[in-house]
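With the hints as your guide, set chain G onto chain D.
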Amino acid sequence: MEIDLSQFHAVFFEESFEGLDVMEQELLNLEEDTDLENVNTIFRAAHSIKGGSATFGFNQVAEFTHVMETLLDEMREGKREITREIIDLLLKSVDCLRGMLNKLQDGDDVNNDYVELVDYFNQLLSNESSDDKQNTPNQNSEEPLSVSNKDDDNSNGGYSIKFVPENYILQTGNEPVRMFKELEGLGTLTVKADLTKVPNFVELDPELCFVSWDMQLDSQESEADIRAVFEWVDDDCLLEVKQLNNSSSNESEKTSDNAKATVSEINSEASTQTKAQTEPLVADSKKLVPIKKEKEAVKSTNKSTSSASIRVGIDKVDTLIDLVGELVITQSMLGELGENFDVSKLEQLVAGLRELESNTRELQESVMRIRMLPIGFVFNRMPRMVRDLSAQLGKNIDLIIKGEDTELDKTVMEQIGDPLTHLVRNAIDHGIESNQQRADNNKQGVGKITLDAYHQGGNIIIEIEDNGGGINPDIIYAKAVEKGLIEEGVEIPEEQIIGLIMEPGFSTAEVVSDVSGRGVGLDVVKRNINNLGGSVDISSVVGRGTKFTIRLPLTLAILDGQLIRCANEIYVIPLASIVESIPLAGIKLTKIAGNMPVYKNGNEYIPIVDLRDEFDIKTEKQSTNEGLIAIVEGENRKIAIKIDELLGQQQVVIKSLESHYKCIQGVSGATILGDGRVSLILDIVGLSRRSADRATAVREKVA
Amino acid sequence: MTRILAVDDSASMRQMVTFTLKSAGFEVVDAEDGVKALAIAKNSKFDVVVTDVNMPNMDGITLCSELRKLPNFKFTPILMLTTESSADKKQAGRAAGATGWIVKPFNPEQLLATVKKVVG
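From first to last, the protein sequence lines stand for chains D and G.
For the first sequence, our numbering begins at 2 and goes up steadily by one.
For the second sequence, our numbering begins at 21 and goes up steadily by one.
These are computed hints drawn from the structure, not numbers from a lab.
A couple of the hints might just be wrong.
Stated by the list, open to error - In silico DMTMM-like cross-links for lysine to aspartate or glutamate, where the CA-CA straight-line distance does not exceed 20 angstroms:
#1 G/LYS42 - D/ASP5
#2 G/LYS136 - D/GLU167
#3 G/LYS94 - D/ASP74
#4 D/LYS449 - D/GLU405
#5 G/LYS109 - D/ASP74
#6 G/LYS136 - D/GLU185
#7 D/LYS411 - D/GLU16
#8 G/LYS89 - D/GLU208
#9 G/LYS136 - G/ASP79
#10 G/LYS109 - D/ASP120
#11 G/LYS137 - D/ASP206
#12 G/LYS89 - D/ASP206
#13 G/LYS109 - D/GLU232
#14 D/LYS93 - D/ASP120
Next comes chain D alone, as it looks inside the complex (with noise of 0.2 angstroms):
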């Protein structure tokens, strides 16, 4: 039977990358605390990965991991002290291990930086090892059961076996009947049971053995595999083999019978010591084929293992199921209804379809958070970070994590690690202050970043938060007025100014530094939170911390709207950037900038958006006072959007509107009505852009 071993490849990965992740995670606690269970788990999650590598026949993670192996299994047997010195070896090797895996996941070759590694772990295993050491590597690559040497040894004649098996031999699940069959396998066996110890059939214990054995095997097979046969209860028998001299026929120049007697011993001796000679030869010759047909099978299997996977909680699956069935429920009772329906049925009907509007509701809500995983799978890769880079920027520096286990799309978390990798490493370089600083100004313990995460309503909230120099409101104002951003002299609240640092250009380090200073600044981890729909909102004291709090949507698939109508057509305004809404007919719209229409309310002059002159909506022309004002705001920025109705308010499910017909600035995607229409989602920032852009070309079109 052939087993094609690819197909567990995609397993085999991801749980490796798991392993990675969690001893990662466990060397980082070992630094804290020598916890004996802590060496456990990160030996297990080794272990594993050996395992399995050998296995699938990637040979050099398996070597690699053996030696690392080696080193744990010193460490949790108490031999080897836990220094930081091998903290750092390990977690260098974690990162290595990363880098290899995701090469042969990628069909790629591994390129032999491991190799340096797996040196100094031999150098440091050698130092004080035992020599047991040597022989490990081979002995792990030892094929298993052992291979058949047919070609020596075959001048035997015949062995002569006894088994006196210890009385338990049963109660260890090893049955002398099965023995017997597989040496029938290798030769002619006649057996002779002993049956003398076996007491009366009163003092007889059922469960013990009392038989022993006479055997003849007329075989042609070395005695190294009839011992094979009785290898897993080697200790709990008395074992004999001996061989039968009776093969003269096939040594036919000897003279003597002692002379015969040993040769045949020497050959037999010489035959066992190449045999263990040449096994491990053997088993690298065979490893050389798996590899190269391992790597072809990932190469082949790529593209359809790169559909990435999901790991989804039992429960959350069966309330799923659960819901289907109250489904199909309601819809049966619903067919049986709509079959002879009159009148009087109605007020079963109008139940009815409540109940299916409730059961897909729930159906929805469950199908979504199938899609959630824990903020802890992008917070986990903060410590290892944040420990690294106080170290090479000589701080000291705890990183405390709160609100893990909060849910969020699993597309969202993908896109929001960097951005938040980023202000972690920005916290770190700029945010903590050097010990230096910290003890002329007399601060208190040690620099502290946070991170949390909770839930708000239909977003999550995440805090990164330090306790360092905090952001000087002034030092920003003088370096936007210096690099034009901002005009010498114009007021803007304290806030604003912070949030400046967000901008595009602007970067306040003095010294670039080598954690920070790489071109890509805030202006980019904001715009990547805002592309997933989010804000970043910054607050700091100076001398007290910095803390930026990131507001995203739980999910990028479904979006609370508002619907609106202008003219005939429908569309959908988020419904979480709507500010108020006001009648057209109660206020003055002013116009400035030549034709630029406004509505001034209180100190700000808010530009109005007119759909109909935005997407070119052919209708009559409304009255100025018919109809309403959404104000809508983005990005900080407010515009009113003149509609003409309101109406309902409903989750809508977000279709891209790129991917079936183009990108359209303005317009952030489409969904489709209940009666079966398309309806377009406004992007308000977009929208926003859009009007403002219109509006230049017709002023220079006046000028």
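Chain G only, in chain D's frame:
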């Protein structure tokens, strides 16, 4: 039909063992650690147990000695999947009542050959 209980904390190994044994016509129930395996074993009967050694919650050696305490598993062949070829691990397994072992890495053919040694 021959029923086998396969225990391994590594999902890929578990899948490989389960798939291989099922392909050979065995009925297989799997478990991801000793605790879960023991819970399954208490309510069921198996002809063979194949278990990994290093597992969280309950390792294979403890599982083995726990299984031997159950009347249904007094004589059931228990095979250990082990990368440790060292004598003391084998000794520990044997002391706990293991029948035999399969040294990792093994391929599906070797697994089947070994399992077939102890069935029927």
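Hint check:
no.	hint	result
1	G/LYS42 - D/ASP5	holds (14 angstroms)
2	G/LYS136 - D/GLU167	violated (24 angstroms)
3	G/LYS94 - D/ASP74	violated (32 angstroms)
4	D/LYS449 - D/GLU405	holds (17 angstroms)
5	G/LYS109 - D/ASP74	holds (13 angstroms)
6	G/LYS136 - D/GLU185	holds (15 angstroms)
7	D/LYS411 - D/GLU16	holds (18 angstroms)
8	G/LYS89 - D/GLU208	holds (14 angstroms)
9	G/LYS136 - G/ASP79	violated (24 angstroms)
10	G/LYS109 - D/ASP120	violated (27 angstroms)
11	G/LYS137 - D/ASP206	violated (26 angstroms)
12	G/LYS89 - D/ASP206	holds (18 angstroms)
13	G/LYS109 - D/GLU232	holds (14 angstroms)
14	D/LYS93 - D/ASP120	holds (14 angstroms)
Hints 2, 3, 9, 10, 11 from the list above are not met by this structure, while the remaining hints are.
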